[in-house]
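S.K.: Okay, here's what each chain looks like letter by letter:
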Amino acid sequence: MTAPSPPTGTFETWATIVTVALTAIAGDVLTAGAMRRIGDLDDIRAHSGLAGAIKAVVSSRMFLLGVFSMALSFFSLLFTLSKVDVSLAAPASASLTFIGNAAAAKIFLHENVDRRRWLAALFVCVGVVLLSR
Amino acid sequence: MKHALSPQRYLILLAVMLTASVGDTLLSHGMTQVGPVSLHHLGTLFIALKNPWVICGIFMLLGFFASYLTALSWADLTFVLPSTAFGYVVVALLSRFWLHEHISLYRWLGIILIVCGVGFVANGPSLTEHHSSAGDTQ
Numbered sequence: 001m002t003a004p005s006p007p008t009g010t011f012e013t014w015a016t017i018v019t020v021a022l023t024a025i026a027g028d029v030l031t032a033g034a035m036r037r038i039g040d041l042d043d044i045r046a047h048s049g050l051a052g053a054i055k056a057v058v059s060s061r062m063f064l065l066g067v068f069s070m071a072l073s074f075f076s077l078l079f080t081l082s083k084v085d086v087s088l089a090a091p092a093s094a095s096l097t098f099i100g101n102a103a104a105a106k107i108f109l110h111e112n113v114d115r116r117r118w119l120a121a122l123f124v125c126v127g128v129v130l131l132s133r
Numbered sequence: 001m002k003h004a005l006s007p008q009r010y011l012i013l014l015a016v017m018l019t020a021s022v023g024d025t026l027l028s029h030g031m032t033q034v035g036p037v038s039l040h041h042l043g044t045l046f047i048a049l050k051n052p053w054v055i056c057g058i059f060m061l062l063g064f065f066a067s068y069l070t071a072l073s074w075a076d077l078t079f080v081l082p083s084t085a086f087g088y089v090v091v092a093l094l095s096r097f098w099l100h101e102h103i104s105l106y107r108w109l110g111i112i113l114i115v116c117g118v119g120f121v122a123n124g125p126s127l128t129e130h131h132s133s134a135g136d137t138q
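First to last, the sequence lines map onto chains D and S. Read left to right, the first sequence gives residues 1 to 133 (this note's numbering). Read left to right, the second sequence gives residues 1 to 138 (this note's numbering).
Here chain S stands alone, though its shape is the one from the complex (with noise of 0.2 Å):
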């Protein structure tokens, strides 16, 4: 039942952390420089696409995409999400350690709310084992 994680694994669950709160933060900062896009001129999306920090979004997303299913070939749904939810708190610190915003204490709380969650699930088991699907994966 206890499926300790090898040092390479909590590494794939960081980059699950970080690649998607990064990645909405560069497409964010990418959409804000190509300006709003109304439904009437949608193919302003496509020069959106010129942008290095759209571009540099999207790879993000992407790798995100990749270490989130790689994280749920061997460990739980259960597990794995709070950790995504941790990107909330990167975005959060980001913004008042290096854009230097005001966190009120709510937001304060709610980062400690997330931690107190990840931290829960990430020193509990991975995988919940299943007995009689043991030859389903075939």
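Chain D extracted, bound-state conformation (with noise of 0.2 Å):
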């Protein structure tokens, strides 16, 4: 038996599912970069077969580091679930996650994030809290 772990504070739970969300919206920004820079993959493979599509696409080094963000984001969520009910740090974080992505993709991807993105983003995000009620 372990000994339970003393309550967690306001700011620590806020920190650890804050930073389960930005090691997530990393990871999604990283990969969906490395994706556009890469280009369809059904074109490429059309052309290199399958094997070339894997290569073409693990030899990107930005797809890489978006792989390790995500790692990091599952570690983040592992440690933060060992601290804050489930309850809230997984809609939470996934939460955070919809809205944060849809601002980096505005700003790192320049996608052209309008009003029924941002209304699709907020829908989505309320819906995940409610769905864990």
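Please keep in mind that the hints were generated in silico from the structure rather than gathered at the bench. Take these hints with a grain of salt, some might be off.
[Claimed, not checked] SDA-like, lysine to any residue: derived pairs with alpha carbons at most 25 Å apart: (1) Lys50/S / Leu61/S; (2) Lys83/D / Leu62/S; (3) Lys106/D / Arg9/S; (4) Lys106/D / Val67/D; (5) Lys83/D / Pro125/S; (6) Lys83/D / Phe68/D; (7) Lys83/D / Thr10/D; (8) Lys83/D / Phe65/S; (9) Lys106/D / Leu127/S; (10) Lys106/D / Glu129/S; (11) Lys106/D / Thr19/D; (12) Lys50/S / Val37/S; (13) Lys106/D / Lys50/S; (14) Lys106/D / Val129/D; (15) Lys106/D / Leu78/D; (16) Lys106/D / Gly124/S; (17) Lys106/D / Thr44/S; (18) Lys83/D / Lys50/S; (19) Lys55/D / Leu78/D; (20) Lys50/S / Thr10/D; (21) Lys83/D / Glu129/S; (22) Lys55/D / Phe65/S; (23) Lys50/S / Val129/D; (24) Lys83/D / Ile99/D; (25) Lys83/D / Pro36/S; (26) Lys55/D / Leu62/S.
Take each chain as given, in its own frame, and dock them per the hints.
M.R.: Take a look at the structure:
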């Protein structure tokens, strides 16, 4: 039996949740940026086969950095779940990630995040919170 | 600006939605059979790799990552991401109609909001044009 961990403070709770969201956003944006640079995978597969498409993806440094960020996000989620209730940590980090991704896609990937996409991010964000109740 | 998707690409998005949620469900079912894993007995995780449900779950999640990357190569991140959220709806509906679990009013509201959110982006363009970056991909 392990001793119960002391209750986590509000700052520590939200610091760990925000860390999960930030690393997830970095992973998504880096991966999406890498796929944008690599180009349409359907075309690459048509020209170079499945092996060529896989090689194009795994030889991208930006993609590898994205996967590293996703791994960091996964381990920081595990750390967060050891301190914060899953009913708060999972929906809060998922919702922050959806909204943060919309902003990061506009800033870093220069995507056309119009009113329709902001509304979609907001609806999904609130929907995820409601699903966890 | 208007990027209509072919039926094949909608199938890829459907794979993004389904493989993540089904993969998570299979992993969850497998891990309940394996039992709890403590930090002091991490070797149990290797035993979990022999469980057929866990193996199927891992293959499903590999399928998710492949279809997710494929979708990102021809669509915006803000177009693809709401599709991944639709997986939550699939899990909720599976739990209601297959496992006969109770879904509260809040959850039904959440399902409706996510469906609306996915519907908003699905009707819009899938990719932002970047005229100046036409030659960047070489």
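S.K.: Against the earlier hints, flag every one the structure doesn't satisfy and list their numbers going up.
M.R.: As far as the earlier hints go, 2, 5, 8, 13, 15, 17, 18, 19, 20, 21, 23 are violated by this structure, in ascending order.
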